[in-house]
Amino acid sequence: EAGVTQFPSHSVIEKGQTVTLRCDPISGHDNLYWYRRVMGKEIKFLLHFVKESKQDESGMPNNRFLAERTGGTYSTLKVQPAELEDSGVYFCASSRQDSPKNYGYTFGSGTRLTVV
Amino acid sequence: KQEVTQIPAALSVPEGENLVLNCSFTDSAIYNLQWFRQDPGKGLTSLLLIQSSQREQTSGRLNASLDKSSGRSTLYIAASQPGDSATYLCAPVSGNTGKLIFGQGTTLQVKP
Chain A
1 EAGVTQFPSH SVIEKGQTVT LRCDPISGHD NLYWYRRVMG KEIKFLLHFV
51 KESKQDESGM PNNRFLAERT GGTYSTLKVQ PAELEDSGVY FCASSRQDSP
101 KNYGYTFGSG TRLTVV
Chain B
117 KQEVTQIPAA LSVPEGENLV LNCSFTDSAI YNLQWFRQDP GKGLTSLLLI
167 QSSQREQTSG RLNASLDKSS GRSTLYIAAS QPGDSATYLC APVSGNTGKL
217 IFGQGTTLQV KP
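First to last, the protein sequences are chains A and B. For the record, in the first sequence the residue sitting at position 35 is 35 according to this note's numbering, with numbers rising by one throughout. For the record, in the second sequence the residue sitting at position 57 is 173 according to this note's numbering, with numbers rising by one throughout.
A hint or two may mislead.
No farther apart than 30 Å at their CA atoms in a straight line, the calculated lysine-lysine pairs in the BS3-like style are these [stated by the list, open to error]:
#1 A:Lys78 x A:Lys51
#2 A:Lys44 x A:Lys78
#3 B:Lys184 x A:Lys78
#4 B:Lys158 x A:Lys78
#5 B:Lys227 x A:Lys51
#6 B:Lys184 x A:Lys15
#7 A:Lys78 x B:Lys117
#8 A:Lys15 x B:Lys227
#9 A:Lys15 x A:Lys44
#10 A:Lys15 x A:Lys78
#11 A:Lys54 x B:Lys227
#12 A:Lys54 x A:Lys15
#13 A:Lys78 x B:Lys227
#14 A:Lys15 x A:Lys41
#15 B:Lys117 x A:Lys54
#16 A:Lys44 x B:Lys158
#17 A:Lys41 x A:Lys78
#18 B:Lys117 x B:Lys227
#19 B:Lys227 x B:Lys184
#20 A:Lys54 x A:Lys44
#21 A:Lys15 x B:Lys158
Rather than coming from a laboratory, the hints here were simulated on the basis of the structure.
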């Protein structure tokens with residue numbers, strides 16, 4: 001079984017530019033989550049998809065962040081325009097429909113975003 | 117609001133020692149609790165998942181315990197090895213929201 005795949009692994013962009021991160025969950029996992037870790041802080045929840053629907057986006061920091069999951073497969077997270085404080089590592093995770101209670105989460109390797 | 121604290125923040129030990137990493141959380145209404153490992157520049161690797169009804173889980177040299185009522189979990193690492201060097205993260209799954217709530221982690225260094 002392939003794991004959760006994220007790309008790019010690293011991205012360096014200038015302030016004001018746009019960046020799009022992609023996550024491919026494990027096949028068949030209806031639940032897809034985005035988390036991020038900014039420097040010196042703990043990993044925090046951003047949002048949760050169930051298939052193509054946003055179940056919970058309470059962690060999205062502001063309207064510069066837009067997440068989509070067309071067709072309920074892969075997801076993208078766009079930051080437009082990027083600000084310096086957006087720098088950090090963005091993680092994607094997926095779980096089965098009856099998770100996370102029974103099976104927990106599987107995380108991708110993350111995308112390290114640096115805004116300069 | 118769930119808050120997770122991990123103690124110690126950092127730990128450096130010689131190879132072969134047995135270790136205990138501590139995790140405390142403020143809201144006992146959890147589905148389960150996962151322990152993860154993060155290597156520098158890498159993603160999160162799940163180590164153990166303890167259901168809220170369980171007291172402990174074991175995998176190889178790792179043993180995790182859960183005391184839900186007191187809001188505590190410990191990760192015990194037996195006979196530590198240099199390859200165990202990483203950051204260990206504790207994350208309960210909130211019973212209300214289904215979200216993982218992370219602590220800051222314990223950064224472990226095992227010296228040969």
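The hints, checked one at a time:
no.: 1; hint: A:Lys78 x A:Lys51; verdict: holds, 18 Å
no.: 2; hint: A:Lys44 x A:Lys78; verdict: holds, 17 Å
no.: 3; hint: B:Lys184 x A:Lys78; verdict: violated, 38 Å
no.: 4; hint: B:Lys158 x A:Lys78; verdict: holds, 22 Å
no.: 5; hint: B:Lys227 x A:Lys51; verdict: violated, 45 Å
no.: 6; hint: B:Lys184 x A:Lys15; verdict: violated, 44 Å
no.: 7; hint: A:Lys78 x B:Lys117; verdict: holds, 28 Å
no.: 8; hint: A:Lys15 x B:Lys227; verdict: violated, 40 Å
no.: 9; hint: A:Lys15 x A:Lys44; verdict: holds, 22 Å
no.: 10; hint: A:Lys15 x A:Lys78; verdict: holds, 14 Å
no.: 11; hint: A:Lys54 x B:Lys227; verdict: violated, 45 Å
no.: 12; hint: A:Lys54 x A:Lys15; verdict: holds, 28 Å
no.: 13; hint: A:Lys78 x B:Lys227; verdict: violated, 41 Å
no.: 14; hint: A:Lys15 x A:Lys41; verdict: holds, 21 Å
no.: 15; hint: B:Lys117 x A:Lys54; verdict: holds, 22 Å
no.: 16; hint: A:Lys44 x B:Lys158; verdict: holds, 17 Å
no.: 17; hint: A:Lys41 x A:Lys78; verdict: holds, 21 Å
no.: 18; hint: B:Lys117 x B:Lys227; verdict: violated, 38 Å
no.: 19; hint: B:Lys227 x B:Lys184; verdict: violated, 33 Å
no.: 20; hint: A:Lys54 x A:Lys44; verdict: holds, 17 Å
no.: 21; hint: A:Lys15 x B:Lys158; verdict: holds, 25 Å
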